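What follows is the residue order along each chain.
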Amino acid sequence: MITKSIKQYILAGSVCCCMTATLTSCNDFLDILPMNDVVLENFWTEKADVNSVVNSCYEALQESSVQERMGVWGELRSDNIVVGSNVPNNINEILKENILETNDICDWSKFYTVINRCNVVCHYAPKVAAIDPNYTEDELRANIAEVSTLRALCYFYLIRTFRDVPYTTEPSIDDSQNYILKATPFEAVLDSLIRDLENVKDDAVRRYYRDDSPSAYQNSSRVTRWFTYTLLADLYLWKGDYDNAIRCCDRVLDYKREQYREMLDREGKLDNIELYDGIPLIMERTNGSTNCGNFYNETFGKGNSFESIFEIYYRENQGKENSWVNSYYGNQNNVLGRLGAATFLFENVPQGTNELFKAKDCRAYEAMQTSNSSTAIVKYTRNSELSFTTQNIRTMNDLRLQAQRRSASDANWIIYRLSDVILIKAEAEIERNGGDLMNAFLLINRLNKRALGITQAALSSDTLKAENFTQTKEKMEDLLIDERQREFLFEGKRWYDLVRWARRDGNTRRLTGYASKKYLEGANVIKIKLSDPNYIYFPYARKELKVNPLLKQNPAFNKGEDNELTK
Amino acid sequence: MKRIISDKAKKAVRWFLPFYLFTFLPFLAQAQKAGDIISGTVTDNMGPVMMANVVEVDASNRIVASAVTDMNGNFSFKLKNPKDKLRISFVGYKTVTLPINKTKFAVKMSDATQIREVTVTSKKKAQGSGLAIPVDEISTARQSIDMKEFEGLAITSVDEALQGRIAGLDIVANSGNLGAGTSMRLRGVSSINGSSEPLIVVDGNVLKVDQNFDFNNANDEKFAELLNVNPEDIASIDVLKDATATAIWGSQGANGVIEIKTKRGARGKTRVSYRYTITGNYQPNGYKLLNGDEYTMLLKEEYFNPSMSDARSDIPEINYDPSFPEYEMYNNNTDWLKAVKKVGWQHGHTVALSGGGEKANFHISAGYNHQTNSVIAQGFDRFTSRVNLDYFVSDRIKIETNINLTYTKNKQNSGDLISIAYTRMPNLSIYEQDRNGNDLNEYYTMLPTVSEQLRDQLNSQNPIALAYEAKNESRSYNITPEFKLRYNLLGLEEGKTRLSYEGNVVFNIFNQYGDQFMPLSLSTSGYNNSSSNRTTSSSSKSLGITTTHTLTFTPAFKNKDHMLTMMLRGQLNSSQSSSQNTSSWGLPSGTIQSPAAEAIITGMSTGSGQGRSLYFTYSAHYAYKGRYMADFTVRRDGNTKFGDDKRWGTFPSFSVRWNISKEPWFKKALPFVSMLSIRPGWGIVGNPPGADYLYFSKYSYGSGYMGEGSVYPANIRMSNLKWEQKETINLGTDFGFFNDRFTGNVEVYRQYTSDLLMGNRGIPSSSGYPTLAYQNVGDMKNIGWEFNLNGNNIVKIGKVAFDFNVTFANNKNQITKMDETCLATLNNEFDRNNGSYLTRIELNRAFGSIYGFRYNGVYQYSEYSPEEVAGVSGPNAPVARDENGVVILDENGQTKPMMFCVGSVDYEFRGGDANYEDINHDGQINELDIVYLGSSLPKITGGFGFKLRWGRLAWNNQFNFRYGNKIINGNRMRLENMYENNNQSRAVNWRWRVEGDITDIPRALRQSGYNWLGSDRFVEDGSFIRLNYSQISYSIDPKIIKRLGLSQLSLYVSANNLFCLTKYSGADPEVGYGGYGVVTDNAKTPRSKSFTGGLSIQF
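Sequences listed follow chains A and B, in order.
Position 526 of the first sequence, counting from 1, maps to 525 under numbering that gives the first Met the number 0, and the rest follow consecutively.
Position 614 of the second sequence, counting from 1, maps to 613 under numbering that gives the first Met the number 0, and the rest follow consecutively.
Do not rely on the hints blindly, as some may be mistaken.
[Said to hold, decoys possible] Taking lysine-lysine pairs in the DSSO-like style, the calculated list, with each CA pair at most 27 Å apart, reads: (1) B/K262 - B/K798; (2) B/K410 - A/K95; (3) A/K238 - A/K255; (4) B/K84 - B/K32; (5) B/K697 - A/K126; (6) B/K697 - A/K46; (7) A/K200 - A/K46.
No wet-lab data here; the hints were simulated from the structure.
Here the structure is a predicted model, which is why all the values come from computation and not from measurement.
Looking at chain B on its own, in the form it has when it is part of the complex:
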């Protein structure tokens, strides 16, 4: 529109031009001084240009005076300084800069598009937070992903995009619940406790929610920090892996760094883009469960078997006796899983505006995401907005403002519905039923008068009622305004000695509110119980302020072979947080849900935290002829976690790079190698303990005695605590073949962690304290390698193109030194109970080993006889045998029974019981029969993907995989143990029932027997290949859509988590793992499968 008007105007004033020229020409020769009126006319081929910007700029391009041309193309303003220059600009035209040597100007502008093609020779530079170094000069281990690769993909968060793409970065979803984040491990675990999550940096700022904020432990989800970044705003992601790469982040980056760069505006026409995605997701099928009839049959057996008494199994709820008042509610076949699952929908809208002009660039985006999950009554809303503004005051000064706001509202279930559905009695009805078995419109809650045997079922509430009648909501607000000033103190152009200063301040404001309500109707224990009409409300807020000052100095050398750039940075952090929690019960009615109402207050708590830190970094990069590079970084970290003397840690790193492919001899010898370099690097980084005030002897307030207040000594102060130090040696090589058609890198590394910090280190409690808050206890070693290969346009025949990417990685870690007593506290004991596995942390052994019994199926008979007597006795019976499998007989020729833990438990195995291998042939199963069953750590992790393009149609696939790890299937264990009243999987229909049955499933024994000891029966291979996403996208020919005023229109469909090739029998083999324990699948809501469709428009 604007353009049309100005064209008309230009035509209108064309005839006046000669007149103006004539009038003002005589004044041209005069000398100028400040205060003179400068005036003139701006024209183009068509005539006068209206609304053109005319400014007076000083030597550093700062605007000191300005004017805009009128309808006739005229302008005038008062001159500030005759030494300044006049600059005239208008959209679509080449900017004109003139010296002010006259008071009247006649300027003719020419079309910008008439500029001849210019080749830009500057090299692509790494856009990290440190020094801007050309990509081929980087001597550290890092891997980058340009988000253009993901354009058109239905990813909701960054971690999803990164999965399987970065070698050595293992990402596991915490659970399939909405808003649950992921946990990430870069190059394995290098600390025994304390966070192993990598540092996330957005636009140079650490994205960290204050640690103290975890106020609601009932909420199993760790707040997913990355959820606060809308993937649409991301320009690129860099993953920094080794100590030299993370050196500028010092102790903060000890677990690796993920640097995210968001999009910024660019000069030019304002571009508007809009994107809409719709996703449908559903729960994968898990185990098939027993129906009501099968369940009651099982329960009867389960109660009968231990004591062989009918009286024990006489429970009215499973008797199907119509005279039982609750008969109708207990005679059903309810599929609870089906009742809590649904198809979830997600709608995402993103609008972004970006553009800029002479003085300012902007990128403004807003996104709204509304999601319902594949489990009933879960909802998640997120609103994100980001405003990135760049204002160029002059060539020397630039001001940046970034304001980011995220609001989330998460409607959760008040319990884990999926796990309740897995355990709940299937003969129960969802609703109250009348005596004809018709559902009434009231949820059925088990009565507190239920039979003694089934009382434990009272704890699991009706999941449907729980979903719709209870409330569990949380809201969060995160605002991060950033203000940045960049001042070029010396030198504006490349090739000159340059010195620049950058200062910025970031505020991170995070508030979270939680509301919960549990109505009386769900309470199974009556009015006077603290769970009836219970309401909880909690809030937390934190404020972090970070100030950073950076000086960058790049001297110019006469000999252009040398290149040196260095940086000095100081950073200061300060954060404060507070939280409060109020809960009360016995509210008069379920409609009032505020804790402010008259009720019985049960809990009121508040908490507060404070943290400060200071960092100084010096970093230098030197390159000779672009072939030999060296980097040096030293960082000094100051921390409030240590006392005066240990407060400062200094962490150096050094790395070099040799670009072999740039050697003249190499180019001749191997012309098909477009790139080859090696990069050895070394660095040390420190890790502080995870708690503050450790070096103080603290006195806390107690509850007092007989009404008088008390204060007690709360800890042993840590005066000997040191930084945990991680030394890394990394050897990397980058390669590219056939003009970078194949690119990739290989990294090999070793990490030595010394002075390993261990939290809650057990000490003799005769000291009055069971643990020391932290202690440096030993050393650890990590060895690993990573491989990454990308193929770009491997095949290019006509319109067809093919790309691919592959990553592999492996990491092994082990403790190399540790105090004996400390090692002992990490290892648990055999507790003679069902279901528990042992883990052993041993020196020089990898973590995650699983130990347990070996399961050999089920004893067929109780009585032994060498030959089978059908239905009575047989050779497969619980008797002691020697090494050769020969049955041991005592002096009377009698067999000896197989026992469990003689001397303490003295359980005698019989027919139908689990048959564990008696490894040492001592006629009993005890801790000496426990053997190694496998490792929780994968041998190889990684991912691969390929992309096929045919003109405007693209097909994109990404897989990730793990190989060679074992998982303890805790879910299956609970579903097959036949030990509780919980529902079981259909596999138990094959259980041993009578003497002579041949099966792998033992008999049902309620609260007795040892049929589900930790054994290899539940240890499964966790290897898998998952199709993360497969997507087809099509962008419509611009020629067609131009008529609609659009510049881009693309459509796509994709399927996420479509299939997973695995032998694992559980719902999802991707089970997260902690520091050093074994991996157990506890049936968290598995990640759902989804299909997405979307479109993106730009104009």
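So that you can see chain A by itself, here it is in the shape it has in the complex:
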């Protein structure tokens, strides 16, 4: 009997031992890895990891919520855009200059997604370089330059929209970090961006593919040194450092000339690119043709043209689609999208009595079309060969315009093209101390000549008379403002231009004058609102204010009644 119970005790003991033995391996048992994701511990080991995350920065930039904001922030409040058909409420409120902090458009989060991804690359890429011998120092520096430029671009959008924004170059990795940041002033962010880009500007690649390679189009949809320079020039322009802006523009123009010469050497004769006073530009009317529309086809129809410096790439069924153009500008089914063009822009252009556009200015016909009683935006929405004649026009019908609108949402979105470089340089020339107004005029005149369809044969004939503008800085400024409007119509730049000039003027008079032009009613209320220099920026989103107690709302939007409710 005794032996039996001992046996049982041993048995019981061994069961206990087994259980404790399983205990020791418990922690391993509880270590499971995500099935669909890679974890940090297994990542950042090789060059391919860096490239993949760099790609994700571009991918985030493709997001429709980023694209939509680039359009809305940069253009919607300007004199270019009015209500189209079925405009969503939040967009309509902005068009009415009734901007609330609850408006979804004030949500900047997707821009910070790009910024954070860029920060992550800057943080981890050097660690990869230390362990992967295939990842060279040059490649590392190029990648850092690439993401620094994208990051700068995003911050540049943010400060132009909100003025002061939280600024960080630290990646968000762990929940123990402090994410509550107060807004950094506009100037400080701008200086920081300039400093950042000055450090890396010559690290960025010149091009990814040779210009005769079938993949050459990718050169203008990734960050190149020329994009970095252009962005830097724009930053300098906002800062008011005009000499540096010109310096940066010249670097890009030099490269374009070099590219042109190479092409000429390669192909002997170029049908559609021509030197306009030493700057190679795509012609509206190719040599040997009587019809215009070539520049539009190359730039906005096909995309990734010779003039392109950086554009966000879209292809349907390849990830992201450009729904901004498709639904807000128009598409195959609807001429008029949710937004339309202000009537005064296109009124009587063929008759030659429009204030902005001359009858032969191709840019008007390329960007706009009349649809019932509204003016539709057609820039970007047309993709087929656009072809029309500007000979002897009195009415629209004389153009014999042939065009078809896109069925797919695959319009690339241009951030910078050669015209930007030319006009940034022109603006810097006008504004800098002792600026060369004649030089500025010539720069502007090149674009104007191209737009009027002037070809090699007629290059010498001017469309603008220098004597009308070059006497005073003011006249040149007006010319520049108009030319920028004509050139970049609906490209998400006009409002930022108005803001830049308002900042330079120190008041919003000029901005108010332009911006209120499109309003048929209630213009006075809007003029009063816009007279507050704080009001030209957007308010911080309410949900952002809720979670960030250090963020103080722009005083123009910090109205009493809202204030009390947040308490």
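Keeping the supplied structure of chain A fixed, place chain B upon it in accordance with the hints.
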């Protein structure tokens, strides 16, 4: 039959008996050894017994050799061990056990029924998953229901049975759709997000469908886990409420535990029972809607009013112009609600077999349930089967096998037909009509060319066509085999030191398949739209494996006053799941409905999940003299949801109980009190976040850029995440009066939740992420009480008996600490839009407060005049007034108009508009006029029931109620807003139409005005008393049915959800509520009313 044969055989062999005895007697005195042949004869009073079991059993009652007697009652077998015993048994006889001291045996068996009555002295023990403790020694808060109480009731699922029966358990049906489950809250909500559903345990196993399985979001129904248990199989249900009761379930049981015990076989004759129920159910009447003529009249006004222009209201569809090509299809008076409702039928069959013998018990049941709903074209089939087998290898070893299979097939509608019927234009016809207005046999689908103004109606498809032509089916298979081994290592009897081991393995296999098809004929937007001939097929599967090892130790004390028992348990869980979904559109024809056909593929997705956990529990119970009890449990939970350092959580609990009524002095003092005890308890339990891999910095695959792949950082890793801890203090008392004629209990509790976990916690998006996946954000407090009283045989006069039960409960919760920014993200903003209410989560305030405007009816006139000028102007006009109600005049003596949100919206109210109270008298209605309108949380919830018996006839009634809560009647809001093209309720016939009308319903304004802002107009009292069921049952006298070979036959009829006493105007005041928001009735299919008849047979 068997019995008859054996009787005959016994008679036949009776004469041979003396011969056998004579032959074998001389060998009896020899010594035995292994290998000897043991033989003998078995007889009874009548002679030899054939087919009797003769076995050799060892010390632990394990069978080592066996034989069966032949026709003459003879047996023989080879002896294995002379120390073993011989055991002879036969059905209906007393088992005989003899020492093997000879090789020849003559055994005489006696009838089992001759045993004298034995009184069993063992106490009733709690049959939970933890320690087996006598019921009167339990020191935790729990409430049990024996399913015998429900015998003969037409309940289709467990939750239905529990409704109104458990104090503090609030059960709300998700919707009246078939297969939709219920949501349960035990003692309120103690977590701001994450599930608040209690844990459901069946036979000690957690019944949980993998969380990742929710692959089909289009399906609004959460899979109802409890549907997998056939109520017929349930023996008892225990609801564990406080932290000490749920302690052995640790973090899993943080929201309370519902333990279900299923029936097992019992030794004895095989019993067969069969039950059939038939139920008819129908939809309750909701709001009466406008007919076609009233509707078109309203629509004309609605389009005319905002701009006062006839051109706006010139819409051919409502013009009744016979030259309009679709005239016949738009000139009807269709009652869409009537068209989608029907009487639904449900048939239920259950067969159960149970019985057992010396070595094994079994309970096998199969149930089939076929249901059609009170909404057309819904069908639900469920097949359940359960096999519970117990095999006693010996006294020491027992093996249990339980296999449970459930198959469900749910045929659903492809849209919510009831809500479509509520909104659809009533002047539309169901079928195409010829020019004489006769129906053709084709469903009418609105044309894509419909007038611009009515285009939104294209989105709601013809509900009749939708029901019969589209397909939405899901099937699920759930198989849970369980294998259990019980080994008594020490001590077999009570009173000895005992140690036993139990190990079990459970597999939970769950597969679900869904098929959907939307034919082109239902598409209102043409061929090239992705909704035409669209097919979707989805599947998901999950496998969970749980292994449990339990050691139970009960030492024996010399002093019998002490009792101690303890348990150590380890459990290991591992589960995996995967799902996939394929959809394509543009199938060549409606007859091919497979996504494998040539079509345009729009979506292909797959998902997979994995989870593991480990638990260790130690639990001890000590009792002194059955009067003073103490329980201690500690549980250690290991979880994959935290990183290395925080992975393990330890949760202790402690409770004591004093059975006052067992004190000798008490018995003398208060003899009518049969039972009185108090039970204070304290415990802490933890709650992990609801997601895995949070402590990793994850990199996910993106869609790439320009054809190159991308990987992006997907989250901020959580290295500071902690367990959410819930500390409960519970004080309970149990009482029984007059020999337990009245029993009941009262519980008072406080719960403090600290390190409250909040999912998707908003952070500044300048971090690159809008939210943190989880964060510990604050503390919360729950205070409540529960009362439960049962009366058993209160009145007993002759054949009449009366029972009753009552429960009451109340719970209040509030946040006591939370970061300011976090609190802010929980509160939404006034968006200046119609229809939205505000809710505010404030520190130290209860949840669920509703805020909105105060509605004062309708402005009678647009123009103000101090005296009424009939039809022109009057005092009831939209003008600004001061505190005393005096009209404010400006410097020119003009009145100031009442405005809405000056500065942003600038809407000027006029006659016929809703009159909101200008609380601060600033001449405008804006967010400053929003006031508190009531709380969504009930003051008291509970239920009561009574049972009246008269001989074999019983009448059973059960009610449940809620009191003191407010509901936002979202359905009525949509039916009275006159803002869209949707159909409206008949109440709008009383709308304001011309200057001077006195009414409470504002004028019709299409897409303009502010006539349905969130105000008390739509906030209604949600108190109700519902008769859950009322049932009459009769069981026929066994003497009569014995002749038919039956042992029981009973019949019953019952009515479910017969009536509901409420002031609430909607269809069903029982509206579910989420975590902390306000309760809104969005007109889900209300629960149907039903009548059931059934019979149950046993033989």
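Evaluation of the provided hints:
For the hint linking B/K262 to B/K798, the alpha-carbon distance of about 30 Å lies beyond 27 Å, and the restraint is violated. For the hint pairing B/K410 with A/K95, the CA-to-CA distance comes to about 50 Å; that exceeds 27 Å, so the pair is violated. The straight-line distance between the Cα atoms of A/K238 and A/K255 is roughly 25 Å, inside the 27 Å bound, and the hint therefore holds. Simply put, B/K84 and B/K32 have alpha-carbon atoms about 13 Å apart, close enough for the 27 Å limit, and the pair holds.
A hinted pair counts as satisfied when its Cα atoms are at most 27 Å apart, and B/K697 with A/K126 qualifies at roughly 18 Å. For the hint pairing B/K697 with A/K46, the CA-to-CA distance comes to about 18 Å; that is within 27 Å, so the pair holds. Restraint check: the Cα-Cα separation between A/K200 and A/K46 comes to about 22 Å, which is no more than 27 Å; the hinted pair holds.
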